[in-house]
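Let the hints inform the model, and build the full structure from the sequences given.
Protein chains: 2
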Amino acid sequence: MIHNYKSEDKVLVAVDCIIFGFDDEELKLLLIKRDFEPEKGQWSLMGGFLKKDENLDQAANRILYHLTGINDIYLEQLYNFSKIDRDPVTRTVSVSYFALINISEHDTKLTANYSAKWFSFKDIPPLIFDHDKMVKHASRRLLYRASTGPIGFELLPEKFTMRQLQKLYEAILGEKLDKRNFINKINSFDILIKLEEKDMSSSRKGSFLYKFDQEKYQKKKAEGFSFKF
Amino acid sequence: MIHNYKSEDKVLVAVDCIIFGFDDEELKLLLIKRDFEPEKGQWSLMGGFLKKDENLDQAANRILYHLTGINDIYLEQLYNFSKIDRDPVTRTVSVSYFALINISEHDTKLTANYSAKWFSFKDIPPLIFDHDKMVKHASRRLLYRASTGPIGFELLPEKFTMRQLQKLYEAILGEKLDKRNFINKINSFDILIKLEEKDMSSSRKGSFLYKFDQEKYQKKKAEGFSFKF
DNA sequence: CCAAAAGTGTTTATGATACACCCATGA
DNA sequence: TCATGGGTGTATCATAAACACTTTTGG
Numbered sequence: 001m002i003h004n005y006k007s008e009d010k011v012l013v014a015v016d017c018i019i020f021g022f023d024d025e026e027l028k029l030l031l032i033k034r035d036f037e038p039e040k041g042q043w044s045l046m047g048g049f050l051k052k053d054e055n056l057d058q059a060a061n062r063i064l065y066h067l068t069g070i071n072d073i074y075l076e077q078l079y080n081f082s083k084i085d086r087d088p089v090t091r092t093v094s095v096s097y098f099a100l101i102n103i104s105e106h107d108t109k110l111t112a113n114y115s116a117k118w119f120s121f122k123d124i125p126p127l128i129f130d131h132d133k134m135v136k137h138a139s140r141r142l143l144y145r146a147s148t149g150p151i152g153f154e155l156l157p158e159k160f161t162m163r164q165l166q167k168l169y170e171a172i173l174g175e176k177l178d179k180r181n182f183i184n185k186i187n188s189f190d191i192l193i194k195l196e197e198k199d200m201s202s203s204r205k206g207s208f209l210y211k212f213d214q215e216k217y218q219k220k221k222a223e224g225f226s227f228k229f
Numbered sequence: 001m002i003h004n005y006k007s008e009d010k011v012l013v014a015v016d017c018i019i020f021g022f023d024d025e026e027l028k029l030l031l032i033k034r035d036f037e038p039e040k041g042q043w044s045l046m047g048g049f050l051k052k053d054e055n056l057d058q059a060a061n062r063i064l065y066h067l068t069g070i071n072d073i074y075l076e077q078l079y080n081f082s083k084i085d086r087d088p089v090t091r092t093v094s095v096s097y098f099a100l101i102n103i104s105e106h107d108t109k110l111t112a113n114y115s116a117k118w119f120s121f122k123d124i125p126p127l128i129f130d131h132d133k134m135v136k137h138a139s140r141r142l143l144y145r146a147s148t149g150p151i152g153f154e155l156l157p158e159k160f161t162m163r164q165l166q167k168l169y170e171a172i173l174g175e176k177l178d179k180r181n182f183i184n185k186i187n188s189f190d191i192l193i194k195l196e197e198k199d200m201s202s203s204r205k206g207s208f209l210y211k212f213d214q215e216k217y218q219k220k221k222a223e224g225f226s227f228k229f
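Order-wise, the sequence lines are chains A and B.
Just so you know, the first sequence maps onto residues 1 to 229 in the numbering used here.
Just so you know, the second sequence maps onto residues 1 to 229 in the numbering used here.
For the record, the hints were derived by calculation from the structure and aren't laboratory data.
No experiment lies behind these values; they were computed from the predicted model shown.
One or more of the hints may lead you astray.
Copies of the same chain are indistinguishable here, so a pair counts whether it falls within one copy or spans any two.
[Claimed, not checked] Straight-line alpha carbon distances no greater than 27 Å define the calculated BS3-like cross-link-like pairs of lysine-lysine that follow: (1) Lys228 / Lys185; (2) Lys220 / Lys136; (3) Lys133 / Lys221; (4) Lys109 / Lys52.
In structure tokens form, the structure reads like this:
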């Protein structure tokens, strides 16, 4: 006997993207104004539906690109939300994805061509459906990511100062860190390249710029080096 | 304009359950012999399809109960597998769930009434579809769970010896642990109750039995105590 | 010359690891 | 009495945390 797949219920599978950014001061969340019913005009995560001819990762990338123009970033699968009436119109199961991006590289395009906007966590507007739960879940995952490996790669510009990196960690961990201990810790990872160049915008003295050494990082990771923060 | 939900593709959503057990010596995996095509007669995780009137957690519990009689355990959502042709018959997205259970409490029922069987990790048979990937993913999650909180609750009988608990951790972590350091660590958590009673089956001297103190554990957890192993 | 941020090491405390002997009992 | 597993504590090492002053330079 062949199992009768046809007798089984099919459901709509949605994908919702939680995108975190950092602007040198605080963590931000990318939202769009929904342009269709239900909940038209409300703020929402970037969402859409899985199509027959793509897997979930592909759907997440397509949906994010379509709604924000953001492309070629690493989206990580997070969790499913499947409460029966979570979408008032029809039964959907939503798969959440999250990613970290560098605001400065994406901001102009976003505000010019899309209805997407960055929000501080202090003033996130009410979100549709269960999107607030998704954001909470993603925040926990971000915290976990930050404590198990370096995260600056995606969130900071290519060249950055120690101060910027520290502010990023402080924003994610939600606590002030000691400057010297922070630098010692980061240096112990040995995955930064100190440049000759200084950033003169933040002080009279100027502060050295650094770059991530992707190669060294990949090598250390492959060797099982622990980047526990 | 109302978004046309009807134009979107619907897909079958499967749920597959990865169940770990422990038998005082090693970690085991519960599998069933598939009794329908495709892949009839092959070993497989416990799987089924999400129905319209249930959420994913409910589906996982229903499916596991139906196939094994196992009930009232905590199933944790793991990850989605969505490769387009992962199921050769029709497009499905599979949501994996995992759980830990105490073999001795479930074994007789299982072998008597169901075609489910426990396998050592050493000799897991070839599995259908992408179930081997699911198992790998679940093993990583188990390792993570073991390093962030106590795991004996579900995997051991109500009363157990320190030796049993240590063997469990050794099985999960995949390494031998020092007896004294292990006990010191566990005692530092302060969530066990030492009973008067001794287990005489393993040695002439006998070894004291312990119970988990659920109340103390919940209280400590609520206070943010870190059970990092 | 002073305000404002950058840069730099050492001491202390805490937790992790390594390690070896006596105990109780049934056969 | 002896073989078997059970039970116990300390010293050392490594990592984390606390902590304050000097440097640079534009205004």
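Verification of the supplied hints:
1. Lys228 / Lys185: both (10 Å within a copy, 20 Å between copies)
2. Lys220 / Lys136: between (31 Å within a copy, 23 Å between copies)
3. Lys133 / Lys221: between (32 Å within a copy, 21 Å between copies)
4. Lys109 / Lys52: Answer is neither; intra-copy 30 Å and inter-copy 40 Å both fail.
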